[in-house]
Amino acid sequence: MNQRIGLTLLIIGIGLTAGFGSKLSPEVRAALVDDGQQVMAQNAVDARFAQYCVTRSNEGAGDGDGCGDSPSLGDTPEAVLEQLMASAEILNIKATQARVEYRLALKRLVDLQRTSGSQETQGPLARLRAWFAVGGGGFLAGWLLLLVGGWMCRRVDDSTAVEPASGDDAIDFGTLLEKVHGSVAALHAQMLTISAPSVADAEECKRRLESIQVDALARLCGSGPRVHARHGLQGMAALFSPLSAGERKLNRAWAALVDRHWPEAVRSIGEAEQDLSETRSALEALL
Amino acid sequence: MSQESPSTLPLSGQPYRELTWAAVVFGVLIGAVMTSAFTYVALKLGFTLSGSTVAAILGFAVLRGVLRKGSIIENNINQTVASGVNTASAGVAFTLPALYIMGEDFNLWSVIVAAVAGAFLGMVVIIPLRKQMIEFERLRFPSGIAVASLLRSPGAGARQAKLLIGGFAISAAIHLATGLQVIPDELNFGAWFGLPAWVSLSIAISFASLGAGLLSGRGGLPFVFGGMLAWWLIAPVAVLAGLVPTVGDMASVKAHTGYDDWVTWDVLYGQMLRPLGIGVLIGGALSGVVASFPALKSAIVSLSSASKTGTGGSDELPIHVLTGGIGVAFLVLFGAAMMADPTLGLGRQLLIAVVGTIWLALAGLIVAQATGMTDISPMSGMSLIGVTLMFFLSGGNVVPAIILGVAVCIGIGQCADMMGDLKSGHLIGAKPKKQQLAQLLVCWVGVPVAVGTIVLLWGDGGGFGPGNAELSAPQGTALAAIMESLQAGAAPLDKYVAGGAIGLGLGLHPVGGLGVLIGLAMYLPFNITVTYGIGCAANLWLTRLRGERWIGDTAVPVAAGFIIGEALTSLGVVLYQLAFS
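Residue numbers (our numbering), protein chains in the order written: chain A, 1 to 287; chain B, 288 to 868.
No lab work stands behind these hints, which were simulated from the structure alone.
A hint or two may mislead.
[Said to hold, decoys possible] In silico lysine-lysine, BS3-like type, Cα no more than 30 angstroms apart, as pairs: (1) Lys449/B - Lys584/B; (2) Lys179/A - Lys718/B; (3) Lys94/A - Lys449/B; (4) Lys206/A - Lys179/A.
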């Protein structure tokens with residue numbers, strides 16, 4: 001129950017904080033309106049220009065006014081507009097209409113560019129203050145919910161983690177560790193007895209090693225969250241430091257077996273056995 | 288090793304090949320070629336590629352194939368070295384071009400010195416976190432798993448090899464088809480249903496994202512939740528409630544062609560969600576550091592005691608090497624700050640170096656965590672914050688801001704790359720110390736290569752930048768535009784602060800890295816998040832249906848194939864585009 005309440009509060013809190021947090025200050029919004037108008041006006045100019053060029057082509061007026069291979073009328077919208085106004089080219093009615101629409105779109109853009117820039121850019125601190133004035137209340141309310149929800153989830157998580165395991169988790173960390181350690185020790189002992197190892201021996205050891213890795217070691221290494229909740233972060237670190245080193249050395253032994261380097265495989269298995277033994281000692285110290 | 292398969296294996300003789308001259312020299316060669324090529328690619332297309340998979344495959348071909356003596360672990364060193372060298376391509380190509388484009392006068396040596404300092408700093412600040420990220424938190428690093436699958440392939444058995452190749456083939460074919468525009472690169476259901484762009488309902492056709500989700504499983508779900516919150520709640524509400532400029536606001540221009548795209552990308556994404564996401568990422572990482580402090584302390588203490596006693600120390604670089612490295616790299620960075628603008632004054636130069644170092648460490652941690660959890664790197668956002676910080680600390684001076692930004696960008700890249708390589712190394716049993724040593728030796732090599740490529744391409748002037756049809760330098764152009772807006776006084780501090788507070792608050796929740804995942808989702812376009820989410824959901828469904836073991840035996844090699852297939856095909860598509868454009 002508490003878990004659900006905590007999660008609900010957390011989700012609402014995230015929604016509120018993100019929603020109010022992303023709110024724009026009125027000054028930034030106004031600046032964006034200015035910006036947007038220019039973008040829309042530029043888009044309209046581009047569309048009208050494309051339409052004008054198509055009409056010219058369809059009406060057999062050939063290239064001109066920057067369409068097709070003709071030179072551009074200018075670098076700025078203002079220069080282009082000036083050239084268009086001064087143009088003495090006579091076109092048929094459809095092309096003239098398209099040119100007028102292009103010219104009007106250009107004029108709107110030029111007018112906008114003349115009036116823009118009147119708004120000063122809001123500096124970072126002013127922006128922060130202005131945002132807080134419009135969204136601060138909602139943001140703080142959401143943040144409070146987020147904190148309470150997060151804290152409740154943590155409390156529930158801590159209390160369930162120390163409950164006895166059930167189902168697949170029924171075999172606890174210590175039992176699993178003992179099993180892995182025993183299997184690795186047995187494999188190491190067997191490898192030491194082989195005086196003239198063959199490719200078949202390497203393949204057999206690799207198969208046994210893979211079986212240990214997949215069956216038990218993966219579960220052991222995947223039990224971090226439960227170990228963390230049960231023994232705390234420091235306890236987890238004390239256990240997982242040698243355990244992970246052992247896991248890595250078993251991986252090394254596997255690679256050495258694939259590379260047919262028997263001495264390295266035996267050495268790595270031996271070191272892994274020692275690391276697992278250290279893990280068992282660390283667990284005993286914790287218990 | 289691999290050259291003979293007699294019935295009896297040798298019991299003595301050559302030591303197991305790991306950190307060898309062949310691996311280092313060959314890695315440097317591949318890395319340098321990739322750095323130069325990928326710097327050019329970044330100037331042309333605006334992105335670079337990871338070199339790990341390419342290096343691993345070339346390593347097999349040369350170390351095992353031609354030299355006939357390479358081991359799996361030696362190839363891991365080769366791939367670590369090559370990708371460590373190549374990290375400079377993104378760091379330099381995303382930042383340095385801005386100085387050329389803005390027409391600034393600067394000392395090129397200060398760029399090189401800063402970049403080298405950044406590369407070393409990135410390495411030495413992230414190495415002590417290996418235990419925390421890989422052994423305690425056990426972050427997934429999907430690309431690291433993919434590279435490890437590739438490295439393990441000689442011994443993984445026929446079935447796993449077939450699955451890896453199958454995943455590779457599917458991903459490569461699809462990515463090739465999208466790259467050559469035979470099929471679209473996203474399924475835009477929103478557009479099909481006539482919905483505006485700000486109701487994001489599209490799926491990126493990316494098998495690498497799908498594979499990363501498949502490898503992440505349940506842990507990646509908060510990432511999807513963050514994306515849904517941003518794009519299915521905040522964005523529509525902001526538009527419908529008029530919190531952003533509306534169509535009505537555009538009435539005076541009598542046109543609103545392209546309004547939906549503009550409001551989606553320039554306003555909702557650029558002004559609201561992305562900066563808020565960056566803030567959440569930073570707050571989430573900070574709270575993560577606080578929450579995991581006991582384990583972090585324990586990891587560093589174990590490094591320290593291993594150095595003193597020598598027990599277990601053979602697997603880790605001694606702590607005094609790392610602390611000494613931080614000191615030296617900091618001094619070099621300070622020197623770069625002095626060279627970048629001698630008029631700044633000693634106090635300000637020192638401040639820039641101190642804040643730059645601290646930011647590099649924090650940003651490196653964030654990028655490494657994000658990459659570890661999702662395989663997605665928020666490097667550009669973290670570099671942007673770095674450049675912004677440097678800009679304000681230098682009193683609005685563009686040159687030292689970008690030069691120190693180069694250092695931060697390279698350092699962050701090194702952090703993520705090193706951690707991904709260490710994950711691959713863990714999975715195949717490499718000694719972390721040897722990987723770290725190899726990358727420390729060569730992490731500076733890519734800097735002169737990348738800077739030299741930029742200088743050569745710039746030529747007498749105008750070799751790249753806006754208006755240049757061949758090399759438009761998209762990232763450098765974007766950074767130049769940002770610097771100009773900073774000079775005009777614009778910086779979304781409100782969003783960074785709000786996001787930071789959200790990220791810090793999320794640190795209370797027991798799920799580790801929640802803030803980083805939600806921040807990353809806000810920082811990214813939603814179509815990538817959806818594809819990744821489908822991968823996570825598929826993992827959960829398949830786990831329930833077939834069990835954990837099946838996931839490890841079957842889904843992991845397929846997902847690794849997806850990631851490798853897309854990475855290599857990207858390279859092929861880029862080469863094709865460069866050859867025929």
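Verification of the hints:
1. Of the supplied pair hints, the one linking Lys449/B and Lys584/B is violated, its CA atoms being roughly 43 angstroms apart against a limit of 30 angstroms.
2. Proposed proximity of Lys179/A and Lys718/B is supported: the alpha carbons are some 26 angstroms apart, at most 30 angstroms.
3. Pair hint Lys94/A plus Lys449/B does not hold up; C-alpha atoms about 64 angstroms apart against a cutoff of 30 angstroms.
4. Under the criterion of a C-alpha separation no larger than 30 angstroms, the hint pairing Lys206/A with Lys179/A is consistent with the structure, at around 18 angstroms.
Hint compliance for this structure: hints 1, 3 are not met, and every other hint is.
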